[in-house]
Structures are given as structure tokens and as C-alpha cells.
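Asker: First to last, the sequence lines map onto chains W and X.
Per this note's numbering: the first sequence = residues 1 to 235.
Per this note's numbering: the second sequence = residues 1 to 290.
There could be a bad hint or two in this list.
To be verified - Counterexamples of contact, computed for chain W against chain X with all Cβ distances above 12 Å:
(1) P38
(2) A88
(3) E98
What the hints assert, rightly or not - Where chain X lies over chain W, by a calculated footprint (3+ residues, C-beta under 8 Å):
(4) 75-86
(5) 99-112
Claimed, not checked - Among chain W residues calculated to face chain X with C-beta under 10 Å, some are:
(6) F51
(7) L53
(8) L54
(9) N89
(10) F91
(11) Y92
(12) D93
(13) A145
(14) A149
(15) M151
(16) L152
Derived by calculation from the structure, the hints in this document are not laboratory data.
Cβ atoms here follow ideal geometry from the backbone N, Cα and C, with glycine treated the same way.
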Amino acid sequence: MTALLTMSSISGGYGDADILHDLSMEVGAREIVAIIGPNGAGKSTAMKSIFGLLTIRSGTIVVDGTDITGWAPSRIVRSGICYVPQVANVFYDMTVHENFEMGAFLRNGDYSDALERVYEMFPDMKAKQKALAGSLSGGQRQMVAIGRALMLDPKVLLLDEPTAGLSPKYMEQIFQTCRDIRNTGVALVLVEQHAKQALRFADRGYVLAAGRNRCDGTGVDLLNNRFIAEMFLGA
Amino acid sequence: MDISSFINFFLIPGIILGSIYALGAIGVTLVYAIMRHGHFAHGDLATFGAFMVLLFSASSGLSPYAALPIAAVAAGLMAIAIDWLFYTHLRTLPKIITTISSLGVALMLRAVVQIFWGVNTLSYETGIARPENWFGLRIKPHEVVTVVMVIGLVVALEIFLRHSKWGKAMRAMSDNPDLASLCGIDNRKVIALTWMLVGALCAASGFFLGLNTQVKSLMGWNILLPTFAAAILGGVGRIEGAILGGLIVGICEEMSVLVIRSEYKVLSGFVILLLALLIRPTGLFRGKVL
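Chain W with its partners taken away, still in its complex shape (with noise of 0.2 Å):
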């Protein structure tokens, strides 16, 4: 297989002390990737590593075949990459249609094709158009934040606890709007509070641990894994 992302051997933090330590990961084409682990483990911070939001001490990070190691997060949004942030990851004052057109910001020319692909992905959202992004629900919003950032055709969509504070519905309608976008060809990574489910629906997982690797694996096998299940699973 070879890696649409990669991540090698990352350290690195916000400020003095480093929260990732020899991180390494690999994201393949059209592949589901979760995070997961116990609260402080760094995975949000793994994630936001890749997206140049924290300083790398050493490692690198590869995209394409291009390298892309402290790149401006500005500059990192045209390799291909979109991120999802867990909060406040819509424009509340702007509509839902603005929302979009933002994501689409670094696109000239014509992205209407961009934007009915959106709303084929997310029809709810076509009749809430001219809604105020801040006045939808949390699942909703969750919907615009996704939509927005596919509105740039990303390789590899990035999606920090995409189901944090969802009902159970929302949720297996987020796990369902992430295979849809798989199936159009983007490379989706996770971080996931909800291990279970998350590893029954991702291809592979990776388990952190106080910014470490601690093991990975397909889905299943971490699933099945007893020792992870204890640790991890609350199994």
C-alpha cells in the first residue's frame, strides 16, 4: 500500500514540553483511519499536528509524495488536506450557504459542482440554505463543518471527534456520511472518544497513549484484541 499521508516519528507540542513523542502513522488512499485512546492522550494533538497547528521538534509529515512539515496551516489547506475541528468549527453569523462558499474560498472560478455535491451529501442542509449556521443543531452544524471542508476536493479529510455530544442517531448518520465521502475517494482520519463503534466502522485504528503509539491494527483486530479491551474499551 502506499500512503497518501504519512507521519514519521513526530515530537512535538505547543509550547516547551512536547505532548507527541515518536509518533508515526499512515493514512492510505480512500482508507478510514480512527484515533483512539484514553482523555490526554494526544489525539486531537496528533491531528492538529498534521495540520501544522503545533510546533514539530523532529519527524516529518508527507502528503502526496510532497513533504509538508511546518507548513503554515493557510498553506497546508492547498496540499490537499481539510480539517474539521471538534469546536467551533462553523461560522456561527453566516449562513449555511456561506459556510459552504467559505470552504470554498481558495477556489476560482466556478464550484458548483462542489457545492451540489455537498448538498446531494447532506440534503437537510439544502433546505436550511439560508439559515444562520449558529441557529442549527449540533449535528447539524456538525453536517456544515464536514460540507465546508469538502467543498476544496481534499484528499484526506481530517475530523477531530466528529460525533462528540451527538445522540445516537446523529452519530450513525456521521459514521454513514464518512463512508459516503470514502466512497467518492477522500481519505478520511478520526478521532474518536466513542473506541468502539469508531473501530467497528474505520479500517484501522491506531491506539495512543500519553502521545505514544501504543498499538495498531485493522478495526477487528483491535477489536478483538483482549488486552486492548481492557485497557482501552472499558471492556
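Starting from the known structure of chain W, arrange chain X on it as the hints suggest.
Answerer: Just chain X, lined up with the frame of chain W:
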């Protein structure tokens, strides 16, 4: 006092003054919405713009109206230069530091104006403008121009913010700067664009102030307080609030001479500011981002 003298002596001057305050308050609101700091150099930037109109009209023989767009660009560039020289370095520090430094910038701008033009009172047009009588309403031609142009500017700004790509980018950055940069919006460009607009609005408010009163080096400083009062009364971050706030402050100020001596007129802006902060600190329209 009958109704026509009320309109002629209080309401019309109040609306004129109020529109000038509104232009200033919109600028204050834009600065806050994007950069999140107060801007005390606002009044003196307006003075600078007013003198730029004087400079360009005197040197080229253009009418002051025709010189306004050039002066607006000059004031916009000045605002960008000020930001680059003084405010960029402070961006990551607490915003109060930038706010205070803008006070220093205000003094510097005024000093520059005084070095070149002195402290005397000047004016755009010599002679006395006679008010026209429209069915008992006494309105001077430049008053009509002021109100029409202020309305035009506000409408143009609204259209820009609602419908243009960069206008939306400004709203996006005002809403959530981090998410805006995740969309690839270059925050530095948005900041420069904002200063351009703010400088231009300042030049316009300074010009209209000069047109309706006099051109002097303290003119902008004198409207700083009512301008802030208007922005806060309306709700910081709200353009419609800035307009309403400006009109209320302007009209109250003109009407205050009914109860206090005209030397103390400025006091009304101060009282409105205090009342707004005490009773409704979020402003009439709840303050938010653009």
C-alpha cells in the same frame, strides 16, 4: 417653539452630525470586529483624511468632492501603514496594549497635520452657504450631499460585506479567525483590507465634518467621544447599530442646547456613553461580530 424651527434648528443639524458620527462609528465597529481592539486614532485619522481632501483639491484645482476619493485612498493607505508600523507587533499581546498604543498614534497623526497645516481654522469653500427653502425646511446644499453620500457609502459597504468574496471573508474572520485561516483565508490580507475601508470611512467622515463645520487639526479628536458613544450605544460590531447610535448621539447633542449651554454640548455624548455602559452595555442591537 414650533415644529418647523425644531426641525430646522435641531433635527436637521442633528441628522447631519449624526450621519458623520455614524460613519466614524462604523469604522470603530469594523476595527473591533476584525482586530478586536478599540481604536483611539480614529478621530485623528478622520482629521488626516479631511486635510488630504484639502491638499488634493488645492493642489489639483479639483472640487473637494472630486478630491474625496483620492483622499479616501490616501487615508486608507495611511491606516495600513500605521497598522504595519505600530499594531502588527502587538497583535499577539493583550488587546488593551494595541488600544492604548492607538492613543499614541492619534497624537502623532495630529502632530503631523499641525506641522504641515498649522493650528488655524480652514475651510473647503469660502463664502457663506445659503440654505435653500424647501417648503419651510431650511437645508443647505452640502447638507443634502452629506446625507445622500453617507447613505450611499453605508449601502455600498453592506453590499460589499454581504455579497462579495472578500466581504464575506471579512465576516468569516470576524466570526472565527482560526476557522477562516483553515479555509485558506489569509488573515493579514483581511486586516489590510479592513484598514483600507476604515481609512476611507474616516476620510469621508472627516470631509463631511469639515464641509459642515470647519477644517482644523482638533476636529477629529473632538468627535472621538461621540463616535465611540455611537458605536457602543448601537452595539459594537453592528453596522445598523452604528448608524442608529450615530443618529441618536447627533440629534441628542443638537437638542441638548435646549437644556444646557452650547459649550457643554459634547457632554451629551459622554452622558449617552455612560448610560449605555450602565444600562445596556451590549448596545441597542446586541453587539456581535459582523
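Asker: Confirm or reject each hint.
Answerer: Going through the hints against the structure:
1. P38: Check passes; 26 Å lies beyond 12 Å.
2. A88: About 6 Å separates W/A88 from the closest Cβ of chain X, which leaves it inside 12 Å; violated.
3. E98: 6 Å, violated
4. 75-86: That given contact holds, which follows from 5 residues of the stretch 75-86 of chain W lying within Cβ reach (below 8 Å) of chain X.
5. 99-112: Contact hint for the stretch 99-112 of chain W vs chain X: holds, 5 residues under 8 Å.
6. F51: 8 Å, holds
7. L53: With a minimum Cβ separation of about 9 Å from chain X (threshold 10 Å), the hint on W/L53 holds.
8. L54: Violated: closest Cβ of chain X sits about 13 Å from W/L54, beyond 10 Å.
9. N89: 7 Å, holds
10. F91: 4 Å, holds
11. Y92: With Cβ-Cβ at 6 Å, under 10 Å, it holds.
12. D93: 5 Å, holds
13. A145: Status holds, d = 9 Å.
14. A149: Holds, about 8 Å.
15. M151: 9 Å, holds
16. L152: Constraint on W/L152 satisfied, holds at 8 Å.
In terms of the numbered hints stated before, the structure departs from hints 2, 3, 8, listed from lowest to highest.
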